[in-house]
Amino acid sequence: MRNKIIKPAILILAVSFASGYLFNLLSEDSLPIIYKPVNLEPGMNLDGEQAYRVLREKRALFIDARYDKEYRAGHIPGAISVPANLPRDETTARLKPIARDTIIVVYCSSASCLSARRLAGFMTYLGFRHVAVYLDGFDEWQQLNYPLEKE
Amino acid sequence: MNTLLNRIQVIRHSPYLTTVFRIVLGVVFVYAGTEKINHADLFAVTIQNYQLVPISLTNLISIVLPWLEFYCGLLLLLGYWQHMAAAWAVLLNFVFLIALISAYWRGLNIECGCFGSDSSVNLTRILEDFLLLAFSLHVFIYPISAFAIENHWPPDRR
Numbered sequence: 001m002r003n004k005i006i007k008p009a010i011l012i013l014a015v016s017f018a019s020g021y022l023f024n025l026l027s028e029d030s031l032p033i034i035y036k037p038v039n040l041e042p043g044m045n046l047d048g049e050q051a052y053r054v055l056r057e058k059r060a061l062f063i064d065a066r067y068d069k070e071y072r073a074g075h076i077p078g079a080i081s082v083p084a085n086l087p088r089d090e091t092t093a094r095l096k097p098i099a100r101d102t103i104i105v106v107y108c109s110s111a112s113c114l115s116a117r118r119l120a121g122f123m124t125y126l127g128f129r130h131v132a133v134y135l136d137g138f139d140e141w142q143q144l145n146y147p148l149e150k151e
Numbered sequence: 001m002n003t004l005l006n007r008i009q010v011i012r013h014s015p016y017l018t019t020v021f022r023i024v025l026g027v028v029f030v031y032a033g034t035e036k037i038n039h040a041d042l043f044a045v046t047i048q049n050y051q052l053v054p055i056s057l058t059n060l061i062s063i064v065l066p067w068l069e070f071y072c073g074l075l076l077l078l079g080y081w082q083h084m085a086a087a088w089a090v091l092l093n094f095v096f097l098i099a100l101i102s103a104y105w106r107g108l109n110i111e112c113g114c115f116g117s118d119s120s121v122n123l124t125r126i127l128e129d130f131l132l133l134a135f136s137l138h139v140f141i142y143p144i145s146a147f148a149i150e151n152h153w154p155p156d157r158r
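In order, the protein sequence lines correspond to chains A and B.
Using our numbering, the first residue of the first sequence is number 1, and each one after it goes up by one.
Using our numbering, the first residue of the second sequence is number 1, and each one after it goes up by one.
Treat the hints as calculated values from the structure; they're not laboratory data.
Source: prediction; values computed, not measured.
Heads up, a few of these hints could be off.
Quick look at which bits of chain A chain B covers, simulated, 3 or more residues with Cβ under 8 Å [to be verified]:
(1) 8 to 16
(2) 22 to 35
(3) 96 to 103
Here are the computed lysine to aspartate or glutamate pairs in the DMTMM-like style, where the Cα-Cα straight-line distance is at most 25 Å [claimed, not checked]:
(4) A/150 with B/150
(5) A/69 with A/151
(6) A/58 with A/140
(7) A/7 with B/111
(8) A/150 with A/70
(9) A/36 with B/41
(10) A/36 with B/150
(11) A/58 with B/150
(12) A/58 with B/111
(13) A/150 with B/111
(14) A/96 with B/150
Estimated spans, in silico, between C-beta atoms of each pair [what the hints assert, rightly or not]:
(15) B/98 with A/99: 14 to 20 Å
(16) A/70 with B/130: 42 to 48 Å
(17) B/78 with A/49: 56 to 62 Å
(18) A/36 with B/12: 49 to 55 Å
(19) A/14 with B/119: 29 to 35 Å
Where is the CB? At the ideal position from N, CA and C, for every residue including glycine.
Can you make the complete structure from the sequences, with help from the hints?
Laid out in structure tokens, this is it:
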């Protein structure tokens, strides 16, 4: 039993590990073996380039704090909509299924809108540990010709 | 009655039944493995969404697990070291089942990550995995199968 199952089972695990390691090493966009989440301090601000990098790493959840209509017209791919004009209960309900250690990037139209910062503050209060704000927001995102999603 | 029971016994121990099960499992595992090998980054995010392992381990799992699936599937298809491959299949399917049920229980609306496609966690996925677990248990309990390489070339003959 021991020699017939456990030894080859460990061997195949080791081979899988080696294959995965090598394949990952040689692949174009290799991942770090141990993932270190980007340490986004509460209230940290990202510029457009940083926000785009975070998006490409596919780790962060983008939250669009603009009005529903603006969100429908176009938003950062994968972003969910939590408009600033929602009642608090509704906001809390929309944020409920999200794990508290998720990396969050909140944005609104530009640096002059307050809703992203306000939502980020509220989320920190709710216990989210990695909330950042993409300060220049969607206007800059469009100017930089980064990808969009519409619905 | 007695003959019916006998017949069931015969079918249950049949090496052909084991062959069918191990080939089904092998195809599923090889397919699921290759899909995930090519999209390790997406699979890492899927693992993260289950919220069952620390975030720092998600990459490691997404790099190693698909290869484990792939190799076990290959061994099952070839019929070499199939007892051990079936043991891994039992363990993996059991872990997947627990993860699926827990995600379903918590009402998480997330991708399954089962075959690298974008189907979400639902009852069908759970039943599928239950079936695969049953197949792998059968191969593990009755590891003698027809048309297996190890019938002609046993692995532990030195």
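Index of numbered hints that the structure contradicts, given in increasing order: 4, 7, 10, 11, 14 and 17
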